[in-house]
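Chains as they are written, first to last, in this note's numbering: chain A, 76 to 328; chain B, 1059 to 1412.
Keep in mind that the hints are not guaranteed to be accurate.
Said to hold, decoys possible - Covered stretches of chain B (in silico footprint by chain A; criterion: 3 or more residues with CB under 8 angstroms from a CB of chain A, positions within the stretch not fixed):
(1) 1276 to 1283
(2) 1385 to 1396
Unchecked claim - Reference excerpt, derived from the structure (chain B facing chain A, CB under 10 angstroms, subset only):
(3) Q1263
(4) Y1264
(5) L1288
(6) R1352
(7) W1399
(8) I1400
(9) R1401
(10) I1402
(11) D1404
(12) A1407
What the hints assert, rightly or not - Straight-line alpha carbon distances no greater than 16 angstroms define the calculated EDC-like cross-link-like pairs of lysine to aspartate or glutamate that follow:
(13) K294/A to E1338/B
(14) K294/A to E1274/B
(15) K313/A to D1386/B
Derived by calculation from the structure, the hints in this document are not laboratory data.
Each residue gets a CB set at the ideal place from its N, CA and C atoms; glycine is no exception.
One letter stands for each residue in the lines below.
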Amino acid sequence: MRGDRRLLFVILGVLAAALGLLLDGHPLWRLILAAPLVLVLPGAALLRLFPGRLPAPGRYALTAGLSMAACVLGGLLLNAVGALTTLGWFVLLSAISLAGALVAPHPHAAISQPWSGLAFRPRHGVLVAATLAAMTVTLGASLRNRTEFHPFAYTDFWMLPVQPGSTGYEVGIRNQERRPEVVTLRVTVDGTLVGVWRDIAVAPGETVLKSVALPEGRKAEAMLLRAGPDSTVELLRKVSASLPRISTGSEKD
Amino acid sequence: MLRVACVAAGAVAAALAWVTFIGNPTSGYLAPVVTEGAQQFAQMMQGHGPHRELYRAADGAFSVPVWLSACGIGSVLVLCVLLSFGFLTACAAGRAPASGRTGWYALLDLLRRRWDNPRLLLVSLLALLWPLSVLLHLTTAGWELGNRMNAFAFISAGLVAAFGIARFWRDRAQWTRGIIAGFALALIAVGGMINGWGTAAVRTQYRAEGDALTVEPMGIDAAAWAARWLGPNQNFVTDRDNRVLLLTYGRQHIVTGSLSDATTADLFISPVIWEGLRDEIRDQRIDYLLVDMRLSTQPALVGTFFQPGEPAGLGLIPLDPTALQKWDGDERVSRVFDDGWIRIYDVRALQDAR
Chain A
76 MRGDRRLLFV
86 ILGVLAAALG
96 LLLDGHPLWR
106 LILAAPLVLV
116 LPGAALLRLF
126 PGRLPAPGRY
136 ALTAGLSMAA
146 CVLGGLLLNA
156 VGALTTLGWF
166 VLLSAISLAG
176 ALVAPHPHAA
186 ISQPWSGLAF
196 RPRHGVLVAA
206 TLAAMTVTLG
216 ASLRNRTEFH
226 PFAYTDFWML
236 PVQPGSTGYE
246 VGIRNQERRP
256 EVVTLRVTVD
266 GTLVGVWRDI
276 AVAPGETVLK
286 SVALPEGRKA
296 EAMLLRAGPD
306 STVELLRKVS
316 ASLPRISTGS
326 EKD
Chain B
1059 MLRVACVAAG
1069 AVAAALAWVT
1079 FIGNPTSGYL
1089 APVVTEGAQQ
1099 FAQMMQGHGP
1109 HRELYRAADG
1119 AFSVPVWLSA
1129 CGIGSVLVLC
1139 VLLSFGFLTA
1149 CAAGRAPASG
1159 RTGWYALLDL
1169 LRRRWDNPRL
1179 LLVSLLALLW
1189 PLSVLLHLTT
1199 AGWELGNRMN
1209 AFAFISAGLV
1219 AAFGIARFWR
1229 DRAQWTRGII
1239 AGFALALIAV
1249 GGMINGWGTA
1259 AVRTQYRAEG
1269 DALTVEPMGI
1279 DAAAWAARWL
1289 GPNQNFVTDR
1299 DNRVLLLTYG
1309 RQHIVTGSLS
1319 DATTADLFIS
1329 PVIWEGLRDE
1339 IRDQRIDYLL
1349 VDMRLSTQPA
1359 LVGTFFQPGE
1369 PAGLGLIPLD
1379 PTALQKWDGD
1389 ERVSRVFDDG
1399 WIRIYDVRAL
1409 QDAR
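Isolated chain A (complex conformation) (with noise of 0.2 angstroms):
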């Protein structure tokens, strides 16, 4: 029976930090769902592995303790096969939380009475809901002031090959300015126009890319322009590309 309602509650604990997953809200959201699978269920899983009984707040010291330890070794094993991503983090937490209820615990584990030792009373409840009530109103003023901390606006400009040493070259723009913005591309070849595109509009955070295939010559520029104050035009970005050199029948011969 009591391995019942512990296999439960890690079943709940992994539903609750999937749906924090799968929400696209406030981080917030997903910091609270996530937080008994990182912080719990974990270290309650390796408890089940020690001998000894221990008394009810060194127990949950040490839950908490051994839930960090595995998300450390965890960190160092999901960055070796490169897993080091949130989904990642979901499945090797679920499986050592999963494996931990479902595995017979040491004959003498000390999780083996999971809730002894502890009377809760009404003021208890009081205070621990003080508590949270106090940590989400710092997270929550920590992860907005996070994430409204945009120093810069910028937009992203980048120009490569499409294949290493082909004259088929792309031209990327990506909009971080927080506000639409429309601008002329021009892709000049020693000097020369080889093409221009105007009026591009580039949505807040959208990337767009244009395709150029470049002609013989030594060094490709790309100029990003918009239109300034007064009827100008101001330069916002410029990349270029060294070309690479092509070999002609003759240089082969």
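Could you slot chain B onto chain A? The hints should help.
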């Protein structure tokens, strides 16, 4: 006892084996920090030698607001008081209770190795590392070590401080003492965060080479762009904080040279592209340079733009923008990315150049 000794010896041997055969040698990195920190502290106590101004960045201008500095200093003072009250109590709690001695006499049992809780004694003794970490904070050579040591030393210091609180607040009914203890603990927590973060405790604006204050969406975006469009594991050279972003978000390989080598800094500060720079690119197989033009607008907050071997005083003034842009003048170099401040130059063509 033998089993415990074997486990301890095995743990030490494993750590040494890792350092020797797999990890980077740390003795050459940490030893100068410890010895120079100790020397500077000794000089400071004798009334001469450099000392570090607390809550003020290396650029001399940026500082933490006064009320936060007061919180930080207050937390250190409160913790010192609690440690002085709690240290002997914690030690005495580890002695053998069978002796029946109390007060100062209980400590005599420790000297005669009559104890029944050696783990508590060990943790109590480790609390002595906390004052050491605070002293290292005062030196210019050892403050980083002190800052990093502080978090680990606090595990022991927190336990000993709890003994100090318990001595002070013995009865649940003593509400005044309870409020004072709560205030002291809150001050320790808040002040500890301020002392740990230093000048980054309050985020006001972007700061060049300011560690946490440097990390912002544009830098992260540039590093993520490198991962997406250039692919991982390209050999990059850049400044100290963009390295972190390129390593994490960019998944790139960072070329730093040795700690005493200033050549990688030369790639950014030299006014012209000379033969030595091309040799560096060829010898280190450098693929890309990430140049952050914001480094030409302000000094380095932590006092270093690139690494310890860079020219003395380089971090105290903004970099020369002309020197940063010199790579535009070489027709074999491509500026593949530009976001207005951050530029990425492809210098692979120089690897084979003679």
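Here is how each hint holds up against the structure:
With 4 residues bearing a CB less than 8 angstroms from a CB of chain A, the stretch 1276 to 1283 of chain B meets the requirement of three and the coverage assertion stands. Counting residues of the stretch 1385 to 1396 of chain B whose C-beta lies closer than 8 angstroms to any C-beta of chain A gives 9; at least three are required, and the coverage claim holds. The restraint placing Q1263/B at the interface with chain A holds, with a minimum CB-CB distance near 6 angstroms, inside the 10 angstroms limit. A hinted interface residue such as Y1264/B counts as satisfied when its beta carbon comes closer than 10 angstroms to some beta carbon of chain A; here the least separation is about 4 angstroms, so the hint holds.
With a least beta-carbon distance of about 8 angstroms to chain A, the hint placing L1288/B at the interface is held under the 10 angstroms criterion. With its C-beta approaching chain A no nearer than about 9 angstroms, R1352/B sits inside the 10 angstroms limit, and its interface hint holds. Annotation: interface hint on W1399/B holds; nearest CB of chain A at approximately 7 angstroms, less than 10 angstroms. Interface hint status for I1400/B: upheld, as the beta-carbon distance to the closest one in chain A is roughly 8 angstroms, under 10 angstroms.
The interface hint given for R1401/B is met, as the beta carbon of that residue sits about 8 angstroms from the closest beta carbon of chain A, less than 10 angstroms. At about 8 angstroms, the closest approach between the beta carbon of I1402/B and any beta carbon in chain A falls short of 10 angstroms, and the interface hint on this residue holds. At about 8 angstroms, the closest approach between the beta carbon of D1404/B and any beta carbon in chain A falls short of 10 angstroms, and the interface hint on this residue holds. A hinted interface residue such as A1407/B counts as satisfied when its beta carbon comes closer than 10 angstroms to some beta carbon of chain A; here the least separation is about 6 angstroms, so the hint holds.
For the suggested pair K294/A and E1338/B, the alpha carbons sit about 24 angstroms apart, so the restraint of at most 16 angstroms is broken. Using a Cα cut-off of 16 angstroms, the hinted pair K294/A and E1274/B is violated, with the two alpha carbons roughly 33 angstroms apart. Restraint check: the Cα-Cα separation between K313/A and D1386/B comes to about 10 angstroms, which is no more than 16 angstroms; the hinted pair holds.
Consistency with the previously given hints fails for numbers 13, 14, ordered from lowest to highest.
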